[in-house]
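Chains A and B are the protein sequences, given in the same order. Note that the working numbering gives residue 241 to position 241 of the first sequence, counting from 1, and the numbers run on in steps of one. Note that the working numbering gives residue 70 to position 70 of the second sequence, counting from 1, and the numbers run on in steps of one.
The set of hints was computed from the structure by calculation and includes no laboratory data. Please note that the accuracy of each hint is not assured.
Heads up, simulated DSS-like pairs for lysine-lysine below, C-alpha to C-alpha not over 30 Å straight-line [to be verified]:
| id | chain 1 | residue 1 | chain 2 | residue 2 |
| --- | --- | --- | --- | --- |
| 1 | A | LYS250 | B | LYS14 |
| 2 | B | LYS144 | A | LYS600 |
| 3 | B | LYS17 | A | LYS476 |
| 4 | A | LYS567 | A | LYS617 |
| 5 | A | LYS40 | B | LYS144 |
| 6 | B | LYS66 | A | LYS476 |
| 7 | B | LYS143 | A | LYS600 |
| 8 | A | LYS40 | B | LYS151 |
| 9 | B | LYS66 | A | LYS316 |
| 10 | A | LYS95 | A | LYS133 |
| 11 | B | LYS154 | A | LYS40 |
| 12 | A | LYS515 | A | LYS538 |
With the Cβ distance kept under 7 Å, some of the chain B side facing chain A (calculated, not the full set) [as the list claims (entries may be wrong)]:
| id | residue |
| --- | --- |
| 13 | GLY18 |
| 14 | VAL56 |
| 15 | THR79 |
| 16 | HIS82 |
| 17 | CYS121 |
| 18 | LEU123 |
| 19 | ILE129 |
| 20 | VAL133 |
| 21 | THR138 |
| 22 | LYS154 |
Where is the CB? At the ideal position from N, CA and C, for every residue including glycine.
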Amino acid sequence: MEFEKLQQQSMAEWKELQSSKKPRILIGTGTCGRAAGSLKTLEAIKNELKRLNIDAIVTEVGCIGLCYTEPIVDIIKPGQPRIAYGKVTPEVAVKLIQDYLAGDNPHPELALGTVGEGTIPGIPKMSEHPMLKPQVRISLRNCGNIDPKDIKQYIASGGYSGFAKALQMAPDDVIAELKKSGLRGRGGAGFSAGMKWELCRKAPGDVKYVICNFDEGDPGAFMNRLLLEGDPHSLLEGLLIGGHAIGASKGYIYCRAEKPLAIERLDFAIKQMHEYGLLGDNILGSKMSFDIEVKKGAGAFVCGEETALMASIEGKRGMPRSRPPFPAVSGLWGKPTNINNVETWANSAIILQKGGAWFAGFGTEKSKGTKTFALAGKITRTGLIEVPMGMPLRTIINDIGGGPVGGRKFKAVQTGGPSGGCLPASKLDLPVDYESLAEAGAIVGSGGMVVADEDTCMVDLARFFLSFVQHESCGKCVPCRVGTRQMLKILERITNGKGKPEDIAQLENLAKTIKAGSLCALGGTAPNPVLTTLRYFKDEYEAHINDKRCPAHSCKALIEYAIVPQKCEGCMICMRQCPASAIKGGKRLIHIIDQSKCTKCGTCMEVCPERFGAVVKLSGEKMDIPSEPIPVIVKNKAAAAKAE
Amino acid sequence: MDLTKLKAILEPYKGQKGSLIAVLQKTQEVYGYLPEEALREIAKELGTTANEVYGVASFYAQFRFKPQGKNVVKVCEGTACHVRGSHRLLESVQDYLHIQPGEITPDGVFGVERVACVGCCALAPVMIINEDVHAGMTPVEAKKILTDIEKSEKTQVK
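Sequences are here, hints too, so could you generate the full structure?
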């Protein structure tokens, strides 16, 4: 079928759906939504609709990125604005169907906001939502809005028009358009995508490959997963455009096996592309032949590195090799190959749809466009966001993310995963772009942002990353294999309270060697979390080493759990739950933790009723604790009566 | 052991380059792990050495050479889970089941594994039992879930 016809048909169907006489329900069933229970909510919705005999269209969509308030359900009553609801448990879903779909109470108190045109009294506009307002959603534009399993909905929203346009253009012109956009690789390195494509196009050879890197192995990152679960075709369109521009006949998507739903959505989408003549021979009536194969990885972080990734596609151990030759010249099976990350491919699709100049209108002079970030850790509104490059960290963390959980004090934000760095509060005004973050010792990376508050120990966080890269080091080169092990040993020593004053200099020395001598970027960037924490949080290292104290009360070897005598009400909950039987006490007696028995599991702190909050962690602080259980200290009669 | 299932897995991949990882994945899906005999057979059929096959299989975290527990408890150790207390979560699971990561309980009902990051960072810390992701876990919460599974396993036996 001609593309124009397919487009018209898709748009007509989309329009008909929008003006449907039936009520519509959209439910986010991405991995986050499912973890929050959206499949149970979906079941409840279907059952209730059946029970009340309501004929509604229920669509499973991807996630809009407000993960903290999943499951999210949108309800559209004919002639009414679309309303989004957060934290929709099965009970809430049933209530909404009964009261709003069957009745006329939209329950403004449960709504997040209205989406699109129209308003409803008492419900704010979704575009005014604090997490959404500062965002510019380009690559995430369709997530949560279209059915990821319906190619026509993607086409109706402008999808594949970028590819259709590219097909009419000379490959060099397509690359020129990409260069005009200023798009830089979204996987972390930030190399110009247009230049990368051009190098591969110009490389001699009849057989060429394009590869999408969906290994997304950075702990704390889920940008690509969410994009593929909600809008798989945007990546696939990008690959098609790349295939045409570079002259490749085959594309591979290398997927992280831990993200099964995204792979399922991709497989389904590829099948649909075949059905609609977007893959195979003579695509859309042209001379282009192109196919896409999904390759499942088997769990190795180093396979995010491009030469290791190609080795893995070839069925070998995923070990990097030295460059040159660069993949653009000699890549997969020795053929010229272009590898980009999911977001880069998806961005190239929209760039061809809307033009390079349009994309370059967002962002800063050197970092164009928008970037997705995964907000996680100790932050109030966790989720996935997309903002113009150059937005200050403060806006992202405080305005979009709502600051640290429970109003606690912000300590640091870790960007870029194990290759990145930790930035302190004094760097919050930094604009988020490639150059500014690199200058501060961190990287934009693929987009992970993990917030640490005052309870997070920065030495322990550095140890965590080192233990991660140590574990994931492929072992091929000595600086990475042995060097990271030595750094990890020192960090473990420090967090165990056995650090020596010379350890800091030793860490710095090792870091320099590993950076200079490692074969690939995994090793070359492995010391970054240690270097940035040493740069901004040296006092914490010194407290561990010199005072044997963990200021964040996190390192197990350096803390003690204690029960504050003035706060303990003698309720016996902690005593009963302690798995080590380390708590002495009795009814209305102040409980005491026997430090010789305590395993520091933290159960007592977790189970102590919030209104008492009697269990605390000590690290170097002194507290007067009675030697034997004594009657509780009565604060006032009312409280005592309540406790009885 | 029964190798007929393996033969069926290998059939479509014969002569196809770069298929080793996919073959290993399918084999593990069917047998639950990678038995030595299967590895030797794969080497023979794909025209390579057992050494090569084991080299690839042992490189990737996904492959195991021992059978798995009936219920696989995975504790995520991603960054977000880490800062939200996944180490305490893992410890409590280990304490409760009396096994270390990579081991299975004597009755084979549970196995514990550590995973690097499952991408549910926004709902950290998470624990995955079989395919179900449990979000916002605490040690006490986790023990409750394990107790429930234990109980239902026992009633099934009866």
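Okay, the hints, checked on the actual structure:
Proposed proximity of A/LYS250 and B/LYS14 is supported: the alpha carbons are some 21 Å apart, at most 30 Å. Using a Cα cut-off of 30 Å, the hinted pair B/LYS144 and A/LYS600 holds, with the two alpha carbons roughly 20 Å apart. For a cut-off of 30 Å, the pair hint linking B/LYS17 to A/LYS476 stands: about 24 Å separates their Cα positions. For the proposed pair A/LYS567 and A/LYS617, the alpha carbon gap of about 14 Å is at most 30 Å, so the pair holds.
For the hint pairing A/LYS40 with B/LYS144, the CA-to-CA distance comes to about 20 Å; that is within 30 Å, so the pair holds. Restraint check: the Cα-Cα separation between B/LYS66 and A/LYS476 comes to about 26 Å, which is no more than 30 Å; the hinted pair holds. Pair hint B/LYS143 plus A/LYS600 holds up; C-alpha atoms about 17 Å apart against a cutoff of 30 Å. Of the pairs offered as hints, the one joining A/LYS40 and B/LYS151 holds, with about 22 Å between alpha carbons and a cut-off of 30 Å not exceeded.
Taking the CA atoms of B/LYS66 and A/LYS316, the gap is near 22 Å; set against the 30 Å cutoff, the hint holds. With a C-alpha separation of about 29 Å, the suggested pair A/LYS95 and A/LYS133 falls inside the 30 Å cut-off, and the hint holds. The hinted pair formed by B/LYS154 and A/LYS40 meets the criterion: a straight-line CA distance of about 25 Å does not exceed 30 Å. Proximity of A/LYS515 to A/LYS538 is assessed by CA-CA distance (about 20 Å); at most 30 Å being required, the pair is judged to hold.
Annotation: interface hint on B/GLY18 holds; nearest CB of chain A at approximately 4 Å, less than 7 Å. At its closest, the beta carbon of B/VAL56 sits 6 Å from a beta carbon of chain A; the interface hint therefore holds under the 7 Å criterion. Against a cut-off of 7 Å between C-beta atoms, the interface hint on B/THR79 holds, since the closest Cβ of chain A lies about 4 Å away. Hint status for B/HIS82 relative to chain A: holds, with the closest Cβ pair at about 5 Å, below 7 Å.
Annotation: B/CYS121 was flagged as interfacial toward chain A, and the flag holds, the nearest CB pair being 4 Å apart, inside 7 Å. With 7 Å as the threshold, the beta carbon of B/LEU123 comes within range of chain A, its nearest partner Cβ sitting at about 5 Å, so the hint holds. A distance limit of 7 Å between C-beta atoms decides the matter here; for B/ILE129 the minimum to chain A is near 12 Å, and the interface restraint is violated. The restraint placing B/VAL133 at the interface with chain A holds, with a minimum CB-CB distance near 4 Å, inside the 7 Å limit.
Satisfaction of the interface hint for B/THR138 is found here, the shortest Cβ-Cβ separation to chain A being roughly 6 Å, below the 7 Å cut-off. Annotation: interface hint on B/LYS154 violated; nearest CB of chain A at approximately 22 Å, more than 7 Å.
Checked against the numbered hints above, the structure breaks hints 19, 22 and satisfies the rest.
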